[in-house]
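Spelled out from the first residue to the last, the chains are:
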Amino acid sequence: MSRSHLRADLGVIADLIQPQEKVLDLGCGDGSLLRHLIDTKRIVGRGVELAEPKVLACVRNGVSVRQGDLHEELRDYPEHSFDTVILSYGLPYLNDPAFIVSNMLRVGRRAIVSFPNWGHWRCRLGLLVTGRMPTAPGDPQAWDEPPRARGMTIADFRSFCAAHNVRVTTATFLQGAQRVPDRFDTNLRATWAVFELR
Amino acid sequence: MSTTSTTGSVGIIETQSFTFAEDVPLALDSGETLGPITLAYETYGQLNADHSNAILICHALSGHAHAAGFNAPDEKDPGWWDDCIGPSKAFDTNKFFVICSNVIGGCKGSTGPMSINPQTGKPFGLSFPVVTIGDMVRAQTHLIDHLGIDRLLAVAGGSMGGMQVLEWAASYPDRVRAALPIATTARHSPMLIAFDEVGRQSIYADPHWNHGDYYDGPRPNAGLAVARMIGHITYLSEASMHLKFGRRLQERARFGYDFETDFAVEGYLRYKGNRFTERFDANSYLYVTKAMDYFDLSDERGSLIGAFANSQDLIYLVVSFTSDWLYPPYHSKELVSALSAIGADVSYLNIQSTWGHDAFLLEVETMTDLLSSFLDRLMQRFEIGVSR
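Chains as they are written, first to last, in my numbering: chain A, 1 to 198; chain B, 1 to 388.
No wet-lab data here; the hints were simulated from the structure. All C-beta atoms, glycine included, are put in the ideal place defined by N, C-alpha and C. Heads up, some of the hints might be wrong.
Stretches of chain A that chain B covers, calculated by requiring three or more beta carbons in the stretch to come under 8 Å of a beta carbon on chain B [said to hold, decoys possible]: (1) 47-60; (2) 66-74.
Straight-line distance between alpha carbons at most 25 Å, and here's what the computed DMTMM-like set of lysine to aspartate or glutamate pairs gives [unchecked claim]: (3) B:Lys122 - B:Asp216; (4) B:Lys108 - B:Asp23; (5) A:Lys41 - B:Asp376; (6) B:Lys333 - A:Asp69; (7) B:Lys333 - A:Asp15; (8) B:Lys290 - B:Glu300; (9) A:Lys41 - B:Glu383; (10) B:Lys333 - B:Glu238; (11) B:Lys122 - B:Glu238; (12) B:Lys272 - B:Asp296; (13) A:Lys22 - B:Asp174; (14) A:Lys41 - B:Asp313; (15) B:Lys333 - B:Asp293; (16) B:Lys333 - B:Asp296; (17) B:Lys122 - B:Glu22; (18) B:Lys333 - A:Glu79; (19) A:Lys54 - B:Asp345; (20) B:Lys244 - B:Asp77; (21) A:Lys22 - B:Glu334; (22) A:Lys54 - B:Asp369; (23) A:Lys41 - B:Asp345; (24) A:Lys22 - B:Asp313; (25) A:Lys54 - B:Asp296; (26) A:Lys22 - A:Glu72; (27) A:Lys22 - B:Asp376; (28) B:Lys272 - B:Glu260; (29) B:Lys333 - B:Asp345; (30) A:Lys54 - B:Asp376; (31) B:Lys76 - B:Glu278.
Just chain A, with the same shape it has in the complex (with noise of 0.2 Å):
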């Protein structure tokens, strides 16, 4: 699969992973990310997916996937068993997201997660004017449309990093497809965000 195929955030964390190494992508879907890591970087990828018809489309797209639930089997891999841990779009439908991302840092030397920013000034314009529950920026998902999600900014992540002693490597914005240097107004104009943590 070539790079275009990817969701902008995930081309983003693509180009953070160095050939060879040892991959763990929480949530992974169809195993997109994973089948373009292993054709592309020769990674050894291993996936966590909840969904059976995603799990199935991952054994399609030749990717080692496990069925089951982060907050479960995330216990299983010992200490700095993997040298990236993705979690891409997941954090806010996650129950507990400080366990999720502390056991991230635990299994892997790093962890690199990507989310939505509900902070965009389309969001925030969007609740004054018509006061509406925005959606996440480029998923029109709806509140009331499974699974729940609960909206998150730049700047809520932020703080929860500092809060919970997780160090922000890099970290990189989006602005469609589009990266967007970070500056003082990057809460308000990025429509995604990349951070890698460690």
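Using the hints, position chain B against chain A.
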């Protein structure tokens, strides 16, 4: 549910047999020895030039070597896993050389309690040594040697077949590349032992059983049939029994207020129980259930990690079924946790199904999708050539 059709059939297959341990008997886990030993087996597809495309299929409690195709043109039913073994099926015989062997202790052509003891010239009966899953697999390694296969591409099986798969992975990691344990456990639970014991007790209670010495008289069919009925209940689920039978009556419009067959489910169990006595030996039932009951790969602390300590380089596909209460999904999850902890490449799917333990033979569509994709990955990973 079923996709059996003659177009995907391996066709007419002859069951073969291989005899070994004629000079040096096989040492068994019990400390006893057994020899000579005959294994009945069938093969489907072609072994490729470098003998790298062989897949061993292990059968369940009441299974046999006849896994696919027909032994005779007029045979009514094909082999027990014909839905999954054949051209363009999950175990695609256009790509793979598929082997299925009957276990020792069995009664379908392999050495077991029904076989003639060469020392006495009479059937072994209870003088046959107690065998384990480990012994069954040790015997299979001799068959694999005989077939000229150094390393199997995969070992696959459901239920007791899955236990043999795990035994292969744990004990012979350098002789197998991938393991596919399906609807199984790494440790027979007390509940499973309990069901097996009730089955055995019903055989012991049959007056024809005669401590296993019945081969020249009437057989303990009533006891064996009850054992099989208990088995069948555990292979279904409450939901599948509702679907299959409900409270429907069997060939009568209202309750009989007698002890003939009222309910469809009773008719089913009686039929299955009686049919089983035509094809299975009661003593084999005792031996094979005992082998399952002894099966436990965990250490004294209950951990499975030690058993697979040298097996982390295998590629695993673990499959369970949501409604399987005999080998519940958490047994498979426990196995997947241990394999993950040692860093093995393990894939796991808990397939949504209402069919209980039997699902591993019935969920053909999902299984075909899953198994064929997984096996394709193995072919690419190990650059397996096809002999054509």
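To see whether the hints hold, each was checked on the structure:
no.	hint	in the structure
1	47-60	holds (count 6)
2	66-74	holds (count 4)
3	B:Lys122 - B:Asp216	holds (10 Å)
4	B:Lys108 - B:Asp23	holds (24 Å)
5	A:Lys41 - B:Asp376	holds (21 Å)
6	B:Lys333 - A:Asp69	holds (11 Å)
7	B:Lys333 - A:Asp15	violated (33 Å)
8	B:Lys290 - B:Glu300	holds (20 Å)
9	A:Lys41 - B:Glu383	holds (19 Å)
10	B:Lys333 - B:Glu238	holds (23 Å)
11	B:Lys122 - B:Glu238	violated (44 Å)
12	B:Lys272 - B:Asp296	violated (30 Å)
13	A:Lys22 - B:Asp174	holds (23 Å)
14	A:Lys41 - B:Asp313	holds (21 Å)
15	B:Lys333 - B:Asp293	holds (20 Å)
16	B:Lys333 - B:Asp296	holds (16 Å)
17	B:Lys122 - B:Glu22	holds (18 Å)
18	B:Lys333 - A:Glu79	holds (20 Å)
19	A:Lys54 - B:Asp345	holds (18 Å)
20	B:Lys244 - B:Asp77	holds (21 Å)
21	A:Lys22 - B:Glu334	holds (23 Å)
22	A:Lys54 - B:Asp369	holds (13 Å)
23	A:Lys41 - B:Asp345	holds (18 Å)
24	A:Lys22 - B:Asp313	holds (15 Å)
25	A:Lys54 - B:Asp296	violated (33 Å)
26	A:Lys22 - A:Glu72	holds (20 Å)
27	A:Lys22 - B:Asp376	holds (22 Å)
28	B:Lys272 - B:Glu260	holds (16 Å)
29	B:Lys333 - B:Asp345	holds (14 Å)
30	A:Lys54 - B:Asp376	holds (18 Å)
31	B:Lys76 - B:Glu278	holds (15 Å)
Of the hints listed earlier, those the structure fails to meet are numbers 7, 11, 12 and 25, in rising order.
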